[in-house]
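On the provided structure of chain C, position chain X as indicated by the hints.
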Amino acid sequence: MAIIEAIETVYLEADVANITFSSLAGYEHLELIMSMHGTRATSQIYTEATLNADDGSNYSTRRIHASGGNLYGQSTSSDSDFFNNYNSTASIGSGGAELYSYGRLTIYDYLHANKNTTISECWTTLLGDMSYGQTDRNIGVWDNTAAVTSIKLRPGSSYNFLRGSTITLNGIKSS
Amino acid sequence: MTTTTNTATPDYIVDGVLTDGEAWVPLSTTVISTPANIVTWTSSTGANDWSQYMDLVIITNGNTSYSSDAAGMPIYGQLNDDSTSANYTWERFWGNGSSTFAQYYASKDGFSAGLEVSTGIGDNEFGGSICRLVDINSGKWKTIHAYSANATTNATHQEVHSTACFWRKTESIIKIELIADGSHNHIADSRFDLFGVLPRMVS
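Taken in sequence, the protein lines are chains C and X.
Each residue of the first sequence is one higher than the last, beginning at 1 in our numbering.
Each residue of the second sequence is one higher than the last, beginning at 1001 in our numbering.
Note that these hints are calculated values from the structure, not bench results.
For every residue, glycine included, the Cβ atom is placed at its ideal position computed from N, Cα and C.
Any given hint could turn out to be false.
[Said to hold, decoys possible] Which bits of chain X does chain C cover? Going by a derived footprint, with three or more residues having C-beta under 8 Å, they are:
1) 1015-1027
2) 1089-1097
3) 1100-1109
4) 1131-1137
5) 1188-1200
[Claimed, not checked] One-sided and incomplete, this derived list gives chain C residues near chain X with beta-carbon spacing under 7 Å:
6) I4
7) E5
8) E8
9) T9
10) G69
11) L71
12) E98
13) L99
14) Y100
15) Y102
16) T124
17) R137
18) T166
Chain C extracted, bound-state conformation (with noise of 0.2 Å):
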């Protein structure tokens, strides 16, 4: 038995203003791996997460943040989506067009019936002129009991995830 499979892979053959994955039963743990890039041409964008189409104030993030040289832990809360402005991603105006941001965001136990989902990611990007980097450990609750169903990313602000971005959805099986 596979205990790491890969559910599902997307590969933006052009510019999209979101991605959703919707095959998800059959698994403990999920786990999105991305490398992604966005259209905005005066900064970066964010690469935002919703569950289960609900785009209410449900989802709080909390962060440990590294940006050059310095260190931050930041929180937000009643989102309407998880990482509100706290994954920078290399878009046009910022990041160079050779430059994806790489992010790992894993879902635990998201089938359960009885708990908040609880979410975590790593992220990484660098900016502007080069001259600085950054590198984010999120962590997230949806306050929401029910089983996963569907996952959509969106950039922030109405912009569009760019042609080349992919992403990868695995599953993660328990014994």
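Positioned in the frame of chain C, the structure of chain X alone reads:
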């Protein structure tokens, strides 16, 4: 040094037809017997043909021959024989049990493949790291992320790191060298494992 490499026909090719199985494929394992400065892995054939993978993952458990006390001895990774420091850029945060730090390096001697403990701490103490090289066959700059957790029995030498790196090259990765910091060596029983990560291949 003993290196075992998996060049078998991939399990996911059955009678010439692709199937989906494990997303992680074990490629190479190197265990140090005589102290060595560099561990080298190269793409070859069968399962060890790296052109079929999305990502590579390296798991290390190492100790270096540095005689002073240290819990954060870098393992520098160099790709495709590129030793140009300006091509490797880092951003990291880390803690040592009492303080935390954030640091940016425009150039380094390689990407961060993790950290080792020094023999000064003890030759039976090894540091653990997991490193992921992302989208290795794309035309992107290569993005690399390493987590290291080096807890030791020396209360003043503990380090935990998260390091983001970029290799400013767009070519596919076909060779990896893992270099112990400075002129030191990876000591006996240090272990380095390489895995290939497959995408979903069938609908």
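*Per the CB criterion, is L71 (chain C) less than 7 Å away from chain X?*
Hint on L71 (chain C): holds, closest Cβ of chain X at ~4 Å, below 7 Å.
query: Was the hint right that I4 (chain C) lines chain X, CB cutoff 7 Å?
result: holds, 4 Å
Was the hint right that G69 (chain C) lines chain X, CB cutoff 7 Å? For G69 (chain C), the interface hint holds, since the closest Cβ of chain X sits about 6 Å away, which is under 7 Å.
Exercise. Using 7 Å as the Cβ threshold, decide whether R137 (chain C) counts as touching chain X.
Key: holds, 6 Å
Would you settle whether the hint for T9 (chain C) is holds or violated, based on the nearest Cβ-Cβ distance to chain X being less than 7 Å? Because about 4 Å separates T9 (chain C) from the closest Cβ in chain X, which is inside the 7 Å limit, the hint holds.
Q. Is the interface hint for L99 (chain C) satisfied, with its Cβ closer than 7 Å to some Cβ of chain X?
A. For L99 (chain C), the interface hint holds, since the closest Cβ of chain X sits about 5 Å away, which is under 7 Å.
Let me know if the C-beta of Y102 (chain C) comes in closer than 7 Å to any C-beta of chain X, holds or violated.
Status holds, d = 4 Å.
Taking the closest Cβ pair, is Y100 (chain C) under 7 Å from chain X? holds, 5 Å
Is the shortest C-beta separation between E5 (chain C) and chain X less than 7 Å? This hint holds: E5 (chain C) lies near chain X, its Cβ roughly 6 Å from the closest one there, short of 7 Å.
Given as covered by chain C, does the region 1131-1137 of chain X meet the bar of three residues or more with CB within less than 8 Å?
-> Satisfied; 3 residues make the cut.
**Asked** If you take the shortest Cβ to Cβ gap from T166 (chain C) to chain X, is it below 7 Å?
**Response** With a minimum Cβ separation of about 6 Å from chain X (threshold 7 Å), the hint on T166 (chain C) holds.
Q) With a cut-off of 8 Å between beta carbons, are at least three residues of the region 1188-1200 of chain X near chain C? A) holds (count 4)
Checked against the numbered hints listed earlier, the structure breaks none of them; every hint is satisfied.
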